[in-house]
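Please construct the entire structure, taking both the sequences and the accompanying hints into account.
In case you want the letters, here they are:
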Amino acid sequence: MTFSGEFFAFMSLALVAVIGGVLLLNLTKVMHMIIALVFTFISIAGIYVLLSAEFVAVVQILIYAGAITILMLFAIMLTKHDDASEAQGTIWRKLLLLLGVIGFAFAVYIGIYNFNVEQLPSHLHENNVLQIGKALYTKHVIPFELTSVLLLVALVGAIILAKNDEKEAHKE
Amino acid sequence: MSTIPASAFLSLALILFCIGLYGALTKRNTVIVLISIELMLNAVNINLVTFSKYGIKPSITGQIFALFAITVAAAEAAVGLAILIALYRNRRTINIDEMDSMKN
Numbered sequence: 001m002t003f004s005g006e007f008f009a010f011m012s013l014a015l016v017a018v019i020g021g022v023l024l025l026n027l028t029k030v031m032h033m034i035i036a037l038v039f040t041f042i043s044i045a046g047i048y049v050l051l052s053a054e055f056v057a058v059v060q061i062l063i064y065a066g067a068i069t070i071l072m073l074f075a076i077m078l079t080k081h082d083d084a085s086e087a088q089g090t091i092w093r094k095l096l097l098l099l100g101v102i103g104f105a106f107a108v109y110i111g112i113y114n115f116n117v118e119q120l121p122s123h124l125h126e127n128n129v130l131q132i133g134k135a136l137y138t139k140h141v142i143p144f145e146l147t148s149v150l151l152l153v154a155l156v157g158a159i160i161l162a163k164n165d166e167k168e169a170h171k172e
Numbered sequence: 001m002s003t004i005p006a007s008a009f010l011s012l013a014l015i016l017f018c019i020g021l022y023g024a025l026t027k028r029n030t031v032i033v034l035i036s037i038e039l040m041l042n043a044v045n046i047n048l049v050t051f052s053k054y055g056i057k058p059s060i061t062g063q064i065f066a067l068f069a070i071t072v073a074a075a076e077a078a079v080g081l082a083i084l085i086a087l088y089r090n091r092r093t094i095n096i097d098e099m100d101s102m103k104n
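In order, the protein sequences belong to chains A and B. Mind the numbering: the first sequence is residues 1 to 172 in our numbering, read in order. Mind the numbering: the second sequence is residues 1 to 104 in our numbering, read in order.
No lab work stands behind these hints: they were computed from the structure. Please note that a few of the clues may not be correct.
[As the list claims (entries may be wrong)] 16 Å max Cα-Cα, derived EDC-like pairs, lysine to aspartate or glutamate: (1) A:Lys134 <-> A:Glu145; (2) A:Lys80 <-> B:Glu98; (3) B:Lys57 <-> A:Glu118; (4) A:Lys94 <-> B:Glu76.
[Claimed, not checked] Examples of chain B residues toward chain A, derived with CB under 7 Å: (5) Thr3; (6) Leu10; (7) Leu16; (8) Cys18; (9) Ile94.
Glycine included, every Cβ here is placed at the ideal spot set by N, Cα and C.
Printed below as a string of structure tokens:
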């Protein structure tokens, strides 16, 4: 492994991503946790650029760092958030969970640490958006159209669930 | 040609997945649990995009799959938060340990 600029970029992006995740676990205020996670999302977009997926990187910034973060912030503002997130569970439960997660990570790491397929030259970085558009509208056109139905159902469902029911309010 | 081995990207995705898993299992606030699940889905997307470049036969399909996964994750977050708001209106809590009315 040579010490190239690409390697340096990968290491710094990965470091920011992992630090954001660890801060999510360790900070006490809910608002700070979400702000920490924005750094993780943006550096994951950088990782996508390294993997020659520019369009996915832009979508990542738009949807995760933009929409989903704002949605979560609104959910926190609308609910009670002043009690931080107090740790009232037993220490044993957390310790057992930590051991389980580390065991899982170790088991998967054994499988992937020397994964190395012979790298073939790819053309993903040339006209990335054009390639994605062509593939979406030819090979994957049926899932693409079904996605619109899914989004419509999610929109209607979210509005109906979150809507304040007038009749119920009158009964109380 | 890239100088970074594929296992580096896979390891990063594994670390992020484990952070999300631990957060989803230990945190009390339901919003944080939901956002930990989003982190896990992000780790899966990194794997998909990695294999679209480093796989046995590189192709654009991995990136398309990642885009679909992002769409479904956004829909899931919206519906999950709507359920959370409805629950908060009725029960006045977002503590995940108190949401046990289906238990008894």
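Checked hints:
1. A:Lys134 <-> A:Glu145: holds (14 Å)
2. A:Lys80 <-> B:Glu98: Holds. A:Lys80 to B:Glu98 sits at ~14 Å (cutoff 16 Å).
3. B:Lys57 <-> A:Glu118: Holds: B:Lys57 and A:Glu118 sit about 10 Å apart, inside 16 Å.
4. A:Lys94 <-> B:Glu76: violated (27 Å)
5. Thr3: holds (5 Å)
6. Leu10: holds (4 Å)
7. Leu16: Holds, because the Cβ-Cβ distance from B:Leu16 to chain A comes to roughly 6 Å (cut-off 7 Å).
8. Cys18: Where the cut-off is 7 Å and the nearest Cβ of chain A is about 5 Å from B:Cys18, the hint holds.
9. Ile94: holds (5 Å)
Hint 4 alone, counting from the list given before, is not met by this structure.
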